[in-house]
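Visitor: Construct the complete structure from the given sequences, taking the supplied hints into account.
There are 2 protein chains.
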Amino acid sequence: MDRIPILKMGEHLLVTIQVDMHDQIALNLQDDLTNQIAKYKAKAVLIDISALEIVDSFIGRMISNIAGLSRILDAQTVVVGMRPAVAITLVELGLTLDGVRTALNVEKGLDILRTALKR
Amino acid sequence: MDRIPILKMGEHLLVTIQVDMHDQIALNLQDDLTNQIAKYKAKAVLIDISALEIVDSFIGRMISNIAGLSRILDAQTVVVGMRPAVAITLVELGLTLDGVRTALNVEKGLDILRTALKR
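As they're listed, the protein sequences go chains A and B. Just so you know, we're using the numbering used here here: the first sequence kicks off at 3 and counts up by one. Just so you know, we're using the numbering used here here: the second sequence kicks off at 3 and counts up by one.
Check the hints yourself; a few may be wrong.
The list cannot tell twin chains apart, which means a pair is met if one copy fits it or any two copies do.
[Said to hold, decoys possible] List time: in silico SDA-like cross-link candidates among lysine to any residue, alpha-carbon distance up to 25 Å:
#1 Lys41 / Ala53
#2 Lys45 / Asp113
#3 Lys10 / Tyr42
#4 Lys43 / Gly70
#5 Lys10 / Arg116
#6 Lys41 / Arg85
#7 Lys10 / Ala87
#8 Lys10 / Ile74
#9 Lys41 / Glu55
#10 Lys43 / Ala53
#11 Lys10 / Pro86
#12 Lys110 / Leu92
#13 Lys41 / Pro86
#14 Lys43 / Glu109
#15 Lys41 / Asn67
Because the hints were derived from the structure by calculation, they are not lab data.
Guide: Written out as structure tokens, the structure reads:
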């Protein structure tokens, strides 16, 4: 399996990252996401990383890239379910995920989007 | 990673199966699901299998098991995103997934649940 499924839920797209990312999966994900944002006119992308116990600079950069791509396509990015250890690693790596909103879980992420998109 | 994340969304739990299942992952998933159904009083479990290109009798049985467990705990199970090839294999294996509802994608699955839970 070299594609991560993207679930369409109303105006949002939900991606759950469970597998170890490598180059091809990451590229496919960016490709699929941009296509689906355009196709469904999605307003937001939720990325659930609760399954990730560790991250490296590769994943951090990938999340930043996705956020950048989404922003250009007029969609917000919310990263949900980050574990404390992952947050520590990201900050230690100097990746502050600028422009990415975060929430503790999917429900809170959806709440953020509901408020943000109402404006 | 030997656990599949379970996302709580309102009254539903959402599971996206992306990795090759083996015994321990399947057992952990059943364990986690039953615990979370009880903890959150969830009314339904959505299992997205759009990432699965092939299934075997093991996965088929696991889905049946999850449906059985959920039913006992008063929650419905909806399997979403099944590929045509997977459907063919399941029928050929003689697994008709009794008691499991299916939908073509998560949105349609949520629609089914919305109607079913209103009654």
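Visitor: First find the shortest C-alpha distance between Lys45 and Asp113 inside one copy, then the shortest across copies, and answer within, between, both or neither for a cut-off of 25 Å.
Guide: both (14 Å within a copy, 20 Å between copies)
Visitor: Is it within a copy, between copies, both, or neither that the alpha carbon of Lys10 lies no farther than 25 Å from that of Tyr42?
Guide: both (8 Å within a copy, 24 Å between copies)
Visitor: If the cut is 25 Å between Cα atoms, do Lys41 and Glu55 qualify within a copy, between copies, both or neither?
Guide: Classified as between; 23 Å across copies, 32 Å inside a copy.
Visitor: At most 25 Å between C-alpha atoms: does Lys10 with Pro86 qualify within a copy, between copies, both, or neither?
Guide: between (28 Å within a copy, 19 Å between copies)
Visitor: With identical chains, the pair Lys41 and Asn67 could be close in the same copy or across copies; at 25 Å between alpha carbons, which is it: within, between, both, or neither?
Guide: Close inside one copy (19 Å), not across copies (36 Å); limit 25 Å.
Visitor: 25 Å Cα cut-off: does Lys10 pair with Ile74 within a copy, between copies, both or neither?
Guide: within (19 Å within a copy, 29 Å between copies)
Visitor: Within a copy, between copies, both or neither: which one fits Lys41 and Ala53 at a CA-CA cutoff of 25 Å?
Guide: between (28 Å within a copy, 20 Å between copies)
Visitor: Is it within, between, both or neither when you check Lys43 against Glu109 at 25 Å Cα-Cα?
Guide: both (21 Å within a copy, 15 Å between copies)
Visitor: Can you give me the call for Lys41 and Arg85, within, between, both or neither, at a CA distance of at most 25 Å?
Guide: Close across copies (20 Å), not inside one copy (32 Å); limit 25 Å.
Visitor: Measure nothing new, just compare the shortest in-copy and cross-copy C-alpha distances for Lys41 and Pro86 to 25 Å and report within, between, both or neither.
Guide: Answer is between: at 23 Å across copies they meet the 25 Å cutoff, but 35 Å inside does not.
Visitor: Pop the pair Lys10 and Arg116 into one bin, within, between, both or neither, using alpha-carbon distances up to 25 Å.
Guide: The answer is both: 16 Å in one copy and 17 Å across copies each meet 25 Å.
Visitor: Could you place Lys10 and Ala87 in one of the four classes (within, between, both, neither) given a Cα distance threshold of 25 Å?
Guide: between (29 Å within a copy, 22 Å between copies)
In this structure, none of the earlier numbered hints is contradicted; all agree with it.
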